[in-house]
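Asks: Given chain A, work out where chain B should sit, using these hints.
Sequences listed follow chains A and B, in order.
For the record, in the first sequence the residue sitting at position 414 is 414 according to the numbering used here, with numbers rising by one throughout.
For the record, in the second sequence the residue sitting at position 11 is 1011 according to the numbering used here, with numbers rising by one throughout.
Among the clues, some could well be false.
Claimed, not checked - Restraint ranges, calculated between C-beta atoms of paired labels, are given here: (1) Thr1048/B / Gly93/A: 14 to 24 Å; (2) Arg1158/B / Arg23/A: 50 to 60 Å; (3) Val1047/B / Ala394/A: 50 to 60 Å.
Stated by the list, open to error - Capping the alpha-carbon separation at 25 Å, the derived lysine to aspartate or glutamate pairs in DMTMM-like fashion look like this: (4) Lys1160/B / Asp34/A; (5) Lys1159/B / Asp34/A; (6) Lys199/A / Glu1167/B; (7) Lys319/A / Asp108/A; (8) Lys1160/B / Asp301/A; (9) Lys1160/B / Glu259/A; (10) Lys304/A / Glu1167/B; (11) Lys203/A / Glu1167/B; (12) Lys1160/B / Asp285/A; (13) Lys150/A / Asp1173/B; (14) Lys1159/B / Glu90/A; (15) Lys203/A / Asp1173/B; (16) Lys1160/B / Glu192/A; (17) Lys1159/B / Asp285/A; (18) Lys129/A / Glu259/A; (19) Lys1159/B / Glu259/A; (20) Lys387/A / Asp1173/B; (21) Lys199/A / Asp1036/B; (22) Lys1160/B / Glu327/A; (23) Lys1160/B / Asp108/A; (24) Lys1159/B / Asp300/A; (25) Lys1160/B / Glu41/A; (26) Lys174/A / Glu1167/B; (27) Lys199/A / Glu308/A; (28) Lys1181/B / Asp181/A; (29) Lys1159/B / Glu19/A; (30) Lys1159/B / Asp108/A; (31) Lys1181/B / Asp285/A; (32) Lys319/A / Glu1167/B; (33) Lys1160/B / Glu308/A; (34) Lys1159/B / Asp292/A; (35) Lys1160/B / Asp300/A; (36) Lys129/A / Glu192/A; (37) Lys199/A / Asp300/A; (38) Lys1159/B / Glu327/A; (39) Lys1160/B / Asp292/A; (40) Lys150/A / Asp1036/B.
No lab work stands behind these hints, which were simulated from the structure alone.
These numbers come from a predicted model, not from an experiment.
Heads up, the beta-carbon is just placed ideally off N, CA and C, and yes, glycines get one too.
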Amino acid sequence: MSGPNLAVVGMSYRTSPIEVRERLAVSGEALEADLRKLAEEAALEETLLLSTCNRVEVYAGTSTAPEALERVRRWLARRAGRSIDAYVYEHRGEDAVRHAFRVAASLDSMVVGEPQILGQVKEAYAAAKSSGALGSLLDRCFNQAFAVAKRVRNETEVAAGSVSVSSIAGELAKKIFADLDGRRVLLIGAGEMGEQAAKHLRKSGAALYVVNRSREKAEAVAQEHGGHARTIEELEAELVLADVAIASTSSTRFVITPEMMRGVMRARRHRPLFLIDIAIPRDVDPRVGNMDNVFLYDVDDLEKVAQENLSARRREADKAERIVTLEVQAFEAWRRASAVTPTIVALRERVRGVLDGELQRTLPRLEGLGEPEKQALERMLDAMTSKLLHRAIAELKAGAERQEGEALLESARRLFDLDRAEASASPASDARDVAVDTGARAKQIPS
Amino acid sequence: VVIALFAVTAALYALAGGLYALFLWRGAAPTGSWSDRALGAAVVSHVTFLFAGFVHSGTLPTSDIHQALAGLSLLVVLGFLGTMRSRPRLRVLGAFITPVTLLLFLGAAFRRDVGPVPDPVRSALLPVHVAVNMLGLAAFALAFAAALAYLLQERQLRKKRFGGIFERLPALDVLDSVGLKAVLAGFPMLTVGVVTGALWAVRLHPDSFPLSAAQGFGLLAWILFAAVLLLRVAAGWRGRRAAIGTLLGFLCTLAVLLGYVIRDAGGVQ
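Looking at chain B on its own, in the form it has when it is part of the complex:
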């Protein structure tokens, strides 16, 4: 049942993503509302999947990286849906958000039983570490979508060539402020996440390559987001530069996740 729910959820996300993309490029109004419906169905299926997983294994989604990914992807969508409620024009961002969600969700599939978490790791800090990182990442995913849309829109305004998506993408200042707010929301989470992560690194002296690389990326992401915020305040960096910083920062956080997934999938030792 759990596997079937997983497949259904993934398929629904793929469908919603396709519809959002169609809405963005072609702009037919019906695809817009259908994509919302598909996404809604995916969320329902997703929640059911998480619940079934909880019943099956009895653990919360903060206990290992795969469950965390499944939980995280849900947070991303919920964050997007919440944002869309107050700003319906941001619906087109679904074309960027949904694929990210699907990617994160699929990450949860690379599951291999690594046995119980080793004792030193198992501390009260672990759920905190995972939870804050999930929340932070969900915020950054939204910032990422806004940044991508910003760069697309800015490019069109600069090249003075307007495709159909120009009509449907929101105004630059809206995208800029959504991106800023999302980074502002995610940054404290990431900070706590990086600090708690560093505590383990000190305690465990891990020597497996993907993990130390992951920590490196985690730090890099933190530095990038810090720079995005700091430079905006100090030097008025906004718009394109802020968007590029956000984009890179989010990719770094994805790299961290990738490190964990690779380790647990046993790909690299």
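For reference, chain A alone in the conformation it holds in the complex:
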């Protein structure tokens, strides 16, 4: 292989049951320790461990992909205490990069576009970095993954629009009242979904008032969510004060009628009211929805919005996939280019080394050479190196732009026996970093 490449071994909610994933889940401080153990036991040059409730993935940078990945699998199986082959997927090279980008951009999430995953990937990255498991390849890959996630968030609407009914209620409320802080939310009745929606609004800073036919029930719900209990007799008065009202009683008749609302709206001087009717059968007479400054939504309306948001997200996901494809290409171009540099440096050193060896052997036999003459010879060898390799280096550089370049690189390394020469010099990863550095300087020498 021409230099290290990326690979990923892992399992997600798509491929494995929770029972298996939970045995592998690690977090916090354990993560760094596990990472070090993994890097050591699987002999990986670079590694990153991503563990969330939906996935466990090992990213690796390695020059010996099949063997190294097998070691990762064995490590995972040992930790899980069972065979995991049925649940594991594996991606290499470009596919691994694409996978990393899609995960970070929340395109592989259970709820596409959910924002938590990016934070989790960043944590995994930070842990890998501080434990020293990160090399230049994974570092670059994940930094770019963060950039991809940002692009996807900014340029598509994959994350726009909630897909759960209770959060949609909160989202719509924010389109009527910019700031829910200090607004009054009135919960009428105590249906489960109503409570959920109220909880959402409460989180945005709204004050909660609970009205129930049973005083005890009202107080229990108010207590649970940090609200205030009111009796059913106070319903009209509370409607006058509320900004958002959520009806979820088990009443079989309309609790809120147009006649009642006309008085309420007058009393509240037509301040807008967001009415959410989550009860089945409905609590609010649908005619109320035609009144000015009353915005009435029932369960079907909210479900419809959820469905629309979901399909809108799917459409946007296509756009996001195109961004990912472009970014993967950019990464691969960088990787190929950076794989070329150490080869070019090694090639120069090899040729120059051979020429130098011959010179040292010949010099003692040449008599009467002064310092100027010796320097002239050195310069001649430099020029010979450059001229001999000029075409080869140009081809290698040009090859970096294309996929076929990798084969070319491989050939060059074999023809000049570069891998053995390099291996004897220093550990691979160190050589790589240094080589990139000298490579930049090497470019300045006219070739």
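Replies: Chain B alone, transformed into the frame defined by chain A:
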């Protein structure tokens, strides 16, 4: 030079307006900042244009209706930019404000030399009349944009069909309060403007049709805005009704301007 600056300014406003519209409908973040830049460039070009005009003719933008339009359109944009500074979410209003600006600015092009202003008109009141009306109109233009956005947003909430612009339009209460504040700011100006205008009407007994029609519209606009404010205080009329009142009021003030432009362009005698 003045004409070239005029064309450049108009083109930049058109560009900014297009970008704001694109931002509103499609919502790509880069179009948002680019539209701000285009608008900024338009303002710079606009100021240069006004300055060049001042150097060229030596008169302030309050001296005739065309220069007043050029000055007014600048005030509208500056008002919008000032509002956006404190409430960045109102950027989408650029999609409504910029076309109004462009329209007013283009109005300044229908220029025909009508000679010096007739003597009876030329009083100390004239610059006051023009200046307060310009300020008032600039405020109403903002109110108009907020009202339009309010109606769009309200319609979506009511029909329960949400397009992309739903995401980007600000909340109803924000639009309502921006509209109210702008009308509150513009109303005293309009009042002074209508009173000073009426003084001339009495003094000059003008009998040309477009002007008397313009005065009618001026009065109508004043009544509409007064109603918007009064009914809000007295009967709690807000939201949709206030927005519609604001919309109509602004159209009336535009009709007044149109009257002047038509007269000076010599279209109707």
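Asks: Are the hints correct? Go through all of them and say.
Replies: A quick look at each hint next to the structure:
1. In this structure the hint that Thr1048/B and Gly93/A lie 14 to 24 Å apart at CB is violated, the actual value being about 56 Å.
2. Taking the beta carbon of each, Arg1158/B and Arg23/A are about 52 Å apart, inside 50 to 60 Å as hinted.
3. Separated by about 55 Å at the C-beta atoms, Val1047/B and Ala394/A satisfy the suggested range of 50 to 60 Å.
4. The straight-line distance between the Cα atoms of Lys1160/B and Asp34/A is roughly 51 Å, outside the 25 Å bound, and the hint therefore fails.
5. Pair hint Lys1159/B plus Asp34/A does not hold up; C-alpha atoms about 54 Å apart against a cutoff of 25 Å.
6. Under the criterion of a C-alpha separation no larger than 25 Å, the hint pairing Lys199/A with Glu1167/B is consistent with the structure, at around 23 Å.
7. At roughly 14 Å between alpha-carbon atoms, Lys319/A and Asp108/A fall within 25 Å of each other, so this suggested pair holds.
8. Between Lys1160/B and Asp301/A the alpha-carbon distance is near 7 Å, which keeps this suggested pair within the 25 Å criterion.
9. At most 25 Å may separate the alpha-carbon atoms for a hinted pair to count; Lys1160/B and Glu259/A meet this at roughly 24 Å.
10. Distance restraint check for Lys304/A and Glu1167/B: the Cα-Cα separation of roughly 16 Å lies within the 25 Å cut-off, and the hinted pair is therefore satisfied.
11. Annotation: proposed proximity of Lys203/A to Glu1167/B holds, straight-line Cα distance about 21 Å (limit 25 Å).
12. Among the hinted pairs, Lys1160/B with Asp285/A is consistent with the structure: their alpha-carbon atoms are about 17 Å apart, no more than 25 Å.
13. Note on Lys150/A and Asp1173/B: the hinted pairing is violated, with a Cα-Cα distance of about 31 Å set against a maximum of 25 Å.
14. Simply put, Lys1159/B and Glu90/A have alpha-carbon atoms about 48 Å apart, too far for the 25 Å limit, and the pair is violated.
15. The suggested pairing of Lys203/A with Asp1173/B holds, with an alpha-carbon distance near 20 Å, which does not exceed 25 Å.
16. About 24 Å separates the Cα atoms of Lys1160/B and Glu192/A, which keeps this hinted pair within 25 Å; it holds.
17. Distance check on the hinted pair: Lys1159/B and Asp285/A sit about 17 Å apart at the alpha-carbon level, within 25 Å; holds.
18. Simply put, Lys129/A and Glu259/A have alpha-carbon atoms about 66 Å apart, too far for the 25 Å limit, and the pair is violated.
19. For the hint pairing Lys1159/B with Glu259/A, the CA-to-CA distance comes to about 23 Å; that is within 25 Å, so the pair holds.
20. Distance restraint check for Lys387/A and Asp1173/B: the Cα-Cα separation of roughly 74 Å exceeds the 25 Å cut-off, and the hinted pair is therefore not satisfied.
21. Our distance criterion of 25 Å between C-alpha atoms is broken by Lys199/A and Asp1036/B, whose separation comes to about 38 Å.
22. At most 25 Å may separate the alpha-carbon atoms for a hinted pair to count; Lys1160/B and Glu327/A exceed this at roughly 37 Å.
23. A threshold of 25 Å between alpha carbons decides the hint, and for Lys1160/B with Asp108/A the separation of about 30 Å lies outside it, so the pair is violated.
24. Straight-line distance between C-alpha atoms of Lys1159/B and Asp300/A comes to about 13 Å, which keeps the hinted pair within the 25 Å bound.
25. Only pairs whose Cα atoms come within 25 Å are accepted, and Lys1160/B paired with Glu41/A is rejected, the gap being roughly 57 Å.
26. Only pairs whose Cα atoms come within 25 Å are accepted, and Lys174/A paired with Glu1167/B is accepted, the gap being roughly 10 Å.
27. Restraint check for Lys199/A and Glu308/A: the C-alpha separation of about 23 Å stays at or below 25 Å, so the hint holds.
28. Straight-line distance between C-alpha atoms of Lys1181/B and Asp181/A comes to about 22 Å, which keeps the hinted pair within the 25 Å bound.
29. As the CA atoms of Lys1159/B and Glu19/A are separated by approximately 45 Å, the hinted pair breaks the 25 Å bound.
30. Taking the CA atoms of Lys1159/B and Asp108/A, the gap is near 33 Å; set against the 25 Å cutoff, the hint is violated.
31. For the given pair, Lys1181/B sits about 35 Å from Asp285/A by alpha-carbon distance, which is inconsistent with the 25 Å threshold.
32. For the proposed pair Lys319/A and Glu1167/B, the alpha carbon gap of about 18 Å is at most 25 Å, so the pair holds.
33. Taken as a hint, the Lys1160/B and Glu308/A pair is honoured in the structure, with Cα atoms around 11 Å apart against an allowance of 25 Å.
34. Note on Lys1159/B and Asp292/A: the hinted pairing holds, with a Cα-Cα distance of about 13 Å set against a maximum of 25 Å.
35. Annotation: proposed proximity of Lys1160/B to Asp300/A holds, straight-line Cα distance about 11 Å (limit 25 Å).
36. Of the supplied pair hints, the one linking Lys129/A and Glu192/A is violated, its CA atoms being roughly 44 Å apart against a limit of 25 Å.
37. The straight-line distance between the Cα atoms of Lys199/A and Asp300/A is roughly 20 Å, inside the 25 Å bound, and the hint therefore holds.
38. For the proposed pair Lys1159/B and Glu327/A, the alpha carbon gap of about 40 Å is over 25 Å, so the pair is violated.
39. Between the alpha carbons of Lys1160/B and Asp292/A the distance comes to roughly 15 Å, so the proposed pair stays at or under 25 Å and holds.
40. Proximity of Lys150/A to Asp1036/B is assessed by CA-CA distance (about 22 Å); at most 25 Å being required, the pair is judged to hold.
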